[in-house]
Amino acid sequence: MRTTAAELLRDQLKLTGTKVSCELQVCGACTILVNDAPVSSCCMLACDLDGTTVLTVEGVANGRELHPLQEAFVETNALQCGFCTPGFIMMTLGLFAACPAPDAAKVREWLDGNLCRCTGYQPIETAVLLAAERLQDGTARA
Amino acid sequence: MPEPVTADERSVRRRDARDKVTGHAMYAVDSTMANMAHAVVVRSDRAHARITNVDRQDAQAAPGVLGVLISDDLEGIRKRFGHIIPDHPILAVDKVRYYGEPVALVVAETLHEASDAADLVWAEYEDLPPLMTAADALASDVLIHEESYREPGEGFLDVVPTGSGNIAHEGELSWGDVDAAMATAATVVENSTRFPLVYGFAMETYNAVADWQPGDLHVISTAQHPVMVRKDLAKIFSLPLSRVRVEVPFIGGGYGSKSYTKLEPLASVGSWCVGRPVKVTTDIEAAINTTRADGAFTTVRTGFDDQARIVARDISIQFDTGAYADNSPLVLTKSINRAFGPYRVPNLRVRGVAVYTNTSPASSYRGFGAPQGSLAAELNLDIAAAQLGIDPVELRRRNLVGPGEVLIAGKRPLDGDLAADLDAVVAALDEHQRADEPGLRRARGVALSASDAGASPISTAHVRMHADGSVTLLTSSTEMGQGSRTALAQIVARELGVELSSVAVGQSDTLFTPFEWTTGASRTTTLVGLAIQAACDDLWNTLRARAAETAGCDVDEVTARDGLIHAAGKTAQPAEVIRAWFGGDAGEFVGVGVTRREGATAVLPPFWELGVVGVEVAVNVATGEVTVEHLVVVGDVGHAINPGLVKGQDLGAATQGLGIALWEELLYEGEQLTNPNLVEYRVPRFRDMPRRISSVIAERGDGAGPYGAKGGGEGALNPVPAAIAAAVGRAVGVWPEELPLTPARVWALLQTADRS
Amino acid sequence: MSVLPALELIRHTELRFVLDAVDDDHVPYAGGTELVPALRLGLRRPTAIVDLKRVHGLTTVEVDAPARRTLIGAGVTHRELATNPAVAEHAPTLAGAAAHVGNARVRSTGTIGGNLCFAEPRSDLGCILVALDASCEVRSSRATRRLPIADLLVGAFEISLEADEILTEVAVPFEPVGLSYWKLQSFERPTLGVALIRGDASWEITVGAATERPTRVVIDVGDTIAVDTFVDGLELSDDLSGSPSYKRAVLRTYLAEALRGPAS
Chain Z
94 MRTTAAELLR DQLKLTGTKV SCELQVCGAC TILVNDAPVS SCCMLACDLD
144 GTTVLTVEGV ANGRELHPLQ EAFVETNALQ CGFCTPGFIM MTLGLFAACP
194 APDAAKVREW LDGNLCRCTG YQPIETAVLL AAERLQDGTA RA
Chain L
508 MPEPVTADER SVRRRDARDK VTGHAMYAVD STMANMAHAV VVRSDRAHAR
558 ITNVDRQDAQ AAPGVLGVLI SDDLEGIRKR FGHIIPDHPI LAVDKVRYYG
608 EPVALVVAET LHEASDAADL VWAEYEDLPP LMTAADALAS DVLIHEESYR
658 EPGEGFLDVV PTGSGNIAHE GELSWGDVDA AMATAATVVE NSTRFPLVYG
708 FAMETYNAVA DWQPGDLHVI STAQHPVMVR KDLAKIFSLP LSRVRVEVPF
758 IGGGYGSKSY TKLEPLASVG SWCVGRPVKV TTDIEAAINT TRADGAFTTV
808 RTGFDDQARI VARDISIQFD TGAYADNSPL VLTKSINRAF GPYRVPNLRV
858 RGVAVYTNTS PASSYRGFGA PQGSLAAELN LDIAAAQLGI DPVELRRRNL
908 VGPGEVLIAG KRPLDGDLAA DLDAVVAALD EHQRADEPGL RRARGVALSA
958 SDAGASPIST AHVRMHADGS VTLLTSSTEM GQGSRTALAQ IVARELGVEL
1008 SSVAVGQSDT LFTPFEWTTG ASRTTTLVGL AIQAACDDLW NTLRARAAET
1058 AGCDVDEVTA RDGLIHAAGK TAQPAEVIRA WFGGDAGEFV GVGVTRREGA
1108 TAVLPPFWEL GVVGVEVAVN VATGEVTVEH LVVVGDVGHA INPGLVKGQD
1158 LGAATQGLGI ALWEELLYEG EQLTNPNLVE YRVPRFRDMP RRISSVIAER
1208 GDGAGPYGAK GGGEGALNPV PAAIAAAVGR AVGVWPEELP LTPARVWALL
1258 QTADRS
Chain U
311 MSVLPALELI RHTELRFVLD AVDDDHVPYA GGTELVPALR LGLRRPTAIV
361 DLKRVHGLTT VEVDAPARRT LIGAGVTHRE LATNPAVAEH APTLAGAAAH
411 VGNARVRSTG TIGGNLCFAE PRSDLGCILV ALDASCEVRS SRATRRLPIA
461 DLLVGAFEIS LEADEILTEV AVPFEPVGLS YWKLQSFERP TLGVALIRGD
511 ASWEITVGAA TERPTRVVID VGDTIAVDTF VDGLELSDDL SGSPSYKRAV
561 LRTYLAEALR GPAS
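Chains as they are written, first to last, in the numbering used here: chain Z, 94 to 235; chain L, 508 to 1263; chain U, 311 to 574.
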């Protein structure tokens, strides 16, 4: 019972897209969606995934086709080293699930829960707003 | 050959973006090797102590344990490493020199078993007086390092072991007669600043997987400089360089903090001991206790004539460099060179000393000594401006070194137009200035820096053209987010006139990729770029020569133009030339390019990395909270291979600068850190984003690199701490002496201002 | 990475079995937000953990209109607290604070019960609940008892529960008119929190985050000297977010501003 959700994903299921960094729920690198809600997989016990639906970054793209959010990150250079990126993707999907048309203030407030050391955050905000816009006006489908 | 023209056209998508947004990108921490075991490091809980005993019996008997190593077990291999001063034990030898120093390594089948067994290792110590600050260490008779480690011919920086006190390194840069000049100066302004102990916080913490076999060592790690690590490992295990393979996948953040050897020896001795691949990882606290950045106490005295021109600068820099030197002697040397700023200084004396303390070892971090000196020296000019009644920007303009002028005798003249950059910053600040509001005081600050960057101009590149005309670039530079994988491919495509999508890049695997000095010092685009251009030239020469052979004509009659080969009246694609020469649908030509201290890079530094930054802040007088209203950065990079990547690097660097200015400090209380975690060590967050960000790239083609390029990636950090300190100082009415300017510190400054 | 110690897991859907199981060595948890890091750091070394998430009856929100209070199950998450209509109507300040606890991940799994029982001083919910005179129900296999939240939170990371007791419900009186909550937070945790009830006859001031436990005082309207005495007498933490004198000064400035003029 000592296995965390992150360890289950990374070490046993070999889904290494989910990353581990701060181990204190501050950085969000380990974010996954559990029943559509974002959680810190490094602070959740694997046994508590029992009976839930889990989405990790590996499940976001539709086969070869990137999700509009992923596409927006690529377009706006919303990443550099990329280690925080899966966490931001999942946290943003959690935002869209709770609030499909967030404004900039809402985006900043929600994503203040994730750390990035490389980009200075501005391109991430741009990417998220771009993706939200596209998903809302139907120019992109999730 | 369609030349990319506009900034937009050059800002192509990152090569690695798709992998990184899908979770497909592999980092060292994701890597495994077949039959891999796991190791946990047992770390010291003393800052300074002799090890009297290590009891491993219970640990050795624990389930799953394959071995428990201490330094005594390292028979027949070198116990210490350190590319400048080989003072760094793989496992503590007879004493520990900081809380968190590796004492034992527990190797087991699983990470859980290794961790459980590590709890059963009992180390006993005889405490020694801990020297927790540079001042303590200098004042004490107690030595942190009781022996000299100098080995003739070792290391690339000629460091003289001082053997005096706890000094790892010291240096001086001087010219003229500072004392005489100060004596006759119209005004002398003095200030001091304390630069905090900073943690790089790369989100992927240090880790390594190693597989030692008799005669071979294979390591996968987070090393920014695989070639440097290879050298250290080869020395440790007495292996030829060729038989040590260091492989570095994507790095989850480097910023200089992953420069040189870190965990690789630990993983390697673990494997050497148990005969299987071994993986070692770190959590945040262990990562902080692997490497941090040098803290500094800097004092600056500047003498001015009656025209507010600098006549002399006298600077002293004292680094708190932690328990082991790592790269800090070089950081100190650069700090000394960079401290006086990009100004005309007729009489100069800069003295620096790097002091050992019983704290986490300090080493490279973005800025590389420039921020530590610039904080005091730039703030000094703001203080002087106020005293002299001159606008602080005007004071700088009056003293700035111009393009083509010499900053330091014997070094490359300045290859940038700082005055123009400064004008751009001021214009941007002026455009969006905001007034005070009740409870909020606004002020601005501007700061400049020039760094002798680029490190050593030794770089090699291999460009392989395949039988279908596609190309693979091989380079030992690493991709840590700065975008080298993309920018270097762009240079290849431009030089060879091929589609970018047909260029593959193989990086950072010393078995396959050619020698690269380092990935750091903002050098990659410029120096690897020059090597790539040379390799492409070499490839064109080969294509011409082989085409001549096949056509039976003289090579002088063969030309390369517009991406095609013209020989004996015929025009051919390079691919056709290759296939014709080899016969069959086969073959490959390899262009080899080398950069050394010759030609464009004969004079050092290869380029000056410039930093020009402006900020406007708002200070809440009740709480001391500082909001950055406007951040302006100019990236004076000569030519941006990929402007999008340059802007990304500038904003990231400036953000790390804001972190140092406003939030970041590692604090020791007694022997240990009070905040070795991300709750208590505060890094910049989404909410800290400046309200307005103006990021400008200046491209004047004035660099020695490809297409007139110079390096970037650190310049935007260097002046930020000083600019923020100046702005806050203006807002509160007291010049800061210490960073970070947390709300509580700013509030304390406000109280000081009120009292005076 | 660091790892968790070996653990057994105990799960029940019936509360009584959970109550039988819980003690010093078999610790209850819901979200795990606090427990997992504590286990990782070796701060707690239980043999087993007892999952409360599957227990019937711990995750409901009910309005008790006659008693003018809302009954919140200890297992209600911050996210649910922030979005529940009954809480929004009868305890909007609490809902607002819950909407900003930690981050969205913490709010997905962290619970009001877990938050209170961890008793991190740098917290908003405890301060507001004390200001509201909230109480809680605590159960063990021996007995059920109620106590004010103010008596539950006895110190930094210290609660007045026995090892075999678990918190099952929080009773939150309907918020009075004139309640406000203000905080200073520049770091990962709040630095200073003030819940203020400006009544016609009295000022009720509850200070949290900088204190070891939420500290409440009731002062006659207009008695600024009593406010000063209260502020000067508070024991405030000295940590990386500032010294006691810094926090005291900010508190003084805030209260002077907030208590000025008529109650809105």
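Some clues are possibly wrong.
What the hints assert, rightly or not - Derived lysine-lysine pairs resembling BS3-like cross-links, with alpha carbons at most 30 Å apart: (1) K918/L x K1077/L; (2) K493/U x K107/Z; (3) K493/U x K199/Z; (4) K742/L x K586/L; (5) K586/L x K602/L; (6) K738/L x K586/L.
Said to hold, decoys possible - Reference excerpt, derived from the structure (chain U facing chain Z, CB under 10 Å, subset only): (7) L317; (8) V346; (9) R389; (10) E498; (11) V531; (12) T534; (13) I535; (14) T539; (15) G543.
Just so you know, the hints here were simulated from the structure itself, not pulled from any lab data. Idealized CB from N, CA, C, for every residue including glycine.
Cross-check of the supplied hints:
no., hint, result
1, K918/L x K1077/L, "48 Å, violated"
2, K493/U x K107/Z, "43 Å, violated"
3, K493/U x K199/Z, "19 Å, holds"
4, K742/L x K586/L, "10 Å, holds"
5, K586/L x K602/L, "13 Å, holds"
6, K738/L x K586/L, "15 Å, holds"
7, L317, "4 Å, holds"
8, V346, "4 Å, holds"
9, R389, "7 Å, holds"
10, E498, "6 Å, holds"
11, V531, "35 Å, violated"
12, T534, "35 Å, violated"
13, I535, "39 Å, violated"
14, T539, "37 Å, violated"
15, G543, "34 Å, violated"
When held up to the earlier numbered hints, the structure conflicts with 1, 2, 11, 12, 13, 14 and 15 and fits the remainder.
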